[in-house]
Amino acid sequence: GAVVSQHPSRVICKSGTSVKIECRSLDFQATTMFWYRQFPKQSLMLMATSNEGSKATYEQGVEKDKFLINHASLTLSTLTVTSAHPEDSSFYICSARPYSGNQFFGPGTRLTVL
Amino acid sequence: KQEVTQIPAALSVPEGENLVLNCSFTDSAIYNLQWFRQDPGKGLTSLLLIQSSQREQTSGRLNASLDKSSGRSTLYIAASQPGDSATYLCAVRHGNKLVFGAGTILRVKS
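Respectively, the protein sequence lines represent chains A and B.
Just so we're aligned: the first sequence equals residues 52 to 165 in the numbering used here.
Just so we're aligned: the second sequence equals residues 52 to 161 in the numbering used here.
Each hint should be verified, as a subset may be incorrect.
Straight line, CA to CA, 20 Å or less: simulated DMTMM-like cross-link-like pairs of lysine to aspartate or glutamate [what the hints assert, rightly or not]:
1. B/K52 x A/E110
2. A/K71 x A/E103
3. B/K148 x B/E68
4. A/K117 x A/D139
5. A/K106 x A/E138
6. B/K93 x A/D116
7. A/K65 x A/E110
8. B/K52 x A/E138
9. A/K92 x B/D78
10. A/K65 x A/D78
11. A/K115 x A/D78
12. B/K148 x B/D78
13. A/K92 x B/E66
14. B/K148 x A/E138
15. B/K148 x A/E114
16. B/K93 x A/D139
17. A/K117 x A/E138
18. A/K71 x A/D116
19. A/K92 x B/D90
20. B/K119 x B/E68
Across the chosen pairs, the derived CB separations fall in these ranges [said to hold, decoys possible]:
21. B/S97 x A/G67: 23 to 29 Å
22. B/N69 x A/F90: 29 to 35 Å
23. B/T96 x A/S66: 31 to 37 Å
24. B/S79 x A/T131: 33 to 39 Å
Rather than coming from a laboratory, the hints here were simulated on the basis of the structure.
For each residue, glycine too, the CB sits at the ideal point set by N, CA and C.
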């Protein structure tokens with residue numbers, strides 16, 4: 052079946068630093084990738100949608116200069132949280148979808164900003 | 052704007068009981084509806100996917116129904132087991148996006 056990986060699974064950083072999270076589709080080409088954020092005991096909130104080779108489309112209220120998304124290839128997307136602050140601490144989940152098909156989810160990355 | 056609501060927010064049942072989780076959505080123009088399971092601190096596991104033209108899907112002890120016109124879906128779990136304890140998320144595909152409910156936290160007591 053389709054597998055999506057995320058790296059790292061857990062990261063702790065100091066306030067003000069930048070953190071990069073990688074999302075890879077391991078056995079299919081993902082024309083579209085999605086990034087979600089999940090706060091404790093809340094549901095997944097879509098942050099942005101990216102198509103390979105195009106700029107990401109951000110949801111309302113998500114700062115594109117703070118959450119940089121790069122989808123440079125059909126198997127890799129990265130999310131960089133720039134100048135992270137404690138309020139950015141959350142569980143970040145990526146999802147990948149081939150041209151016509153369902154979305155497959157990664158295992159998530161737990162970000163803790165001290 | 053599509054909104055997805057799940058009831059109840061939390062449920063605790065004894066082992067062996069049959070149970071129903073509810074999901075409702077405000078815009079019936081959906082492509083499909085999906086039920087996921089999420090264990091604490093983990094990603095999502097897809098359980099069942101119902102296309103908009105379908106009424107139900109079954110997998111083992113799980114049965115999901117869809118009534119698109121009324122904006123409702125149910126997930127039926129038969130003979131619940133402690134290993135079923137998790138958060139269950141309902142999501143509808145609306146346009147190019149999946150819109151999630153807040154989930155139902157299920158605890159099955161042994």
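Verification of the supplied hints:
Using a Cα cut-off of 20 Å, the hinted pair B/K52 and A/E110 holds, with the two alpha carbons roughly 13 Å apart. Our distance criterion of 20 Å between C-alpha atoms is met by A/K71 and A/E103, whose separation comes to about 18 Å. Under the criterion of a C-alpha separation no larger than 20 Å, the hint pairing B/K148 with B/E68 is inconsistent with the structure, at around 34 Å. Distance check on the hinted pair: A/K117 and A/D139 sit about 10 Å apart at the alpha-carbon level, within 20 Å; holds.
In summary, the hint linking A/K106 to A/E138 is not supported, as the alpha carbons are separated by about 25 Å, beyond the 20 Å threshold. Restraint check for B/K93 and A/D116: the C-alpha separation of about 27 Å exceeds 20 Å, so the hint is violated. Of the supplied pair hints, the one linking A/K65 and A/E110 is violated, its CA atoms being roughly 26 Å apart against a limit of 20 Å. A distance of roughly 26 Å separates the Cα atoms of B/K52 and A/E138; the hinted pair therefore is violated under the 20 Å criterion.
This hinted pair does not check out: A/K92 and B/D78 have alpha carbons roughly 25 Å apart, beyond 20 Å. As the CA atoms of A/K65 and A/D78 are separated by approximately 34 Å, the hinted pair breaks the 20 Å bound. At roughly 29 Å between alpha-carbon atoms, A/K115 and A/D78 are farther apart than 20 Å, so this suggested pair is violated. As the CA atoms of B/K148 and B/D78 are separated by approximately 13 Å, the hinted pair is consistent with the 20 Å bound.
Under the criterion of a C-alpha separation no larger than 20 Å, the hint pairing A/K92 with B/E66 is inconsistent with the structure, at around 24 Å. Note on B/K148 and A/E138: the hinted pairing is violated, with a Cα-Cα distance of about 25 Å set against a maximum of 20 Å. Distance restraint check for B/K148 and A/E114: the Cα-Cα separation of roughly 19 Å lies within the 20 Å cut-off, and the hinted pair is therefore satisfied. Of the pairs offered as hints, the one joining B/K93 and A/D139 holds, with about 18 Å between alpha carbons and a cut-off of 20 Å not exceeded.
At roughly 12 Å between alpha-carbon atoms, A/K117 and A/E138 fall within 20 Å of each other, so this suggested pair holds. Between A/K71 and A/D116, the direct Cα distance comes to roughly 14 Å. Compliance with the 20 Å bound is thereby established for this hinted pair. For the suggested pair A/K92 and B/D90, the alpha carbons sit about 12 Å apart, so the restraint of at most 20 Å is met. Among the hinted pairs, B/K119 with B/E68 is inconsistent with the structure: their alpha-carbon atoms are about 27 Å apart, more than 20 Å.
Look at B/S97 against A/G67: about 37 Å separates their beta carbons, and that is not inside 23 to 29 Å. Restraint check, B/N69 to A/F90: a C-beta distance of roughly 32 Å satisfies the suggested window 29 to 35 Å. The supplied range of 31 to 37 Å is met by B/T96 and A/S66, whose beta-carbon atoms lie about 33 Å from each other. About 38 Å separates the C-beta atoms of B/S79 and A/T131, a value consistent with the hinted range of 33 to 39 Å.
Comparing the model with each earlier hint shows violations of hints 3, 5, 6, 7, 8, 9, 10, 11, 13, 14, 20 and 21; every other hint is respected.
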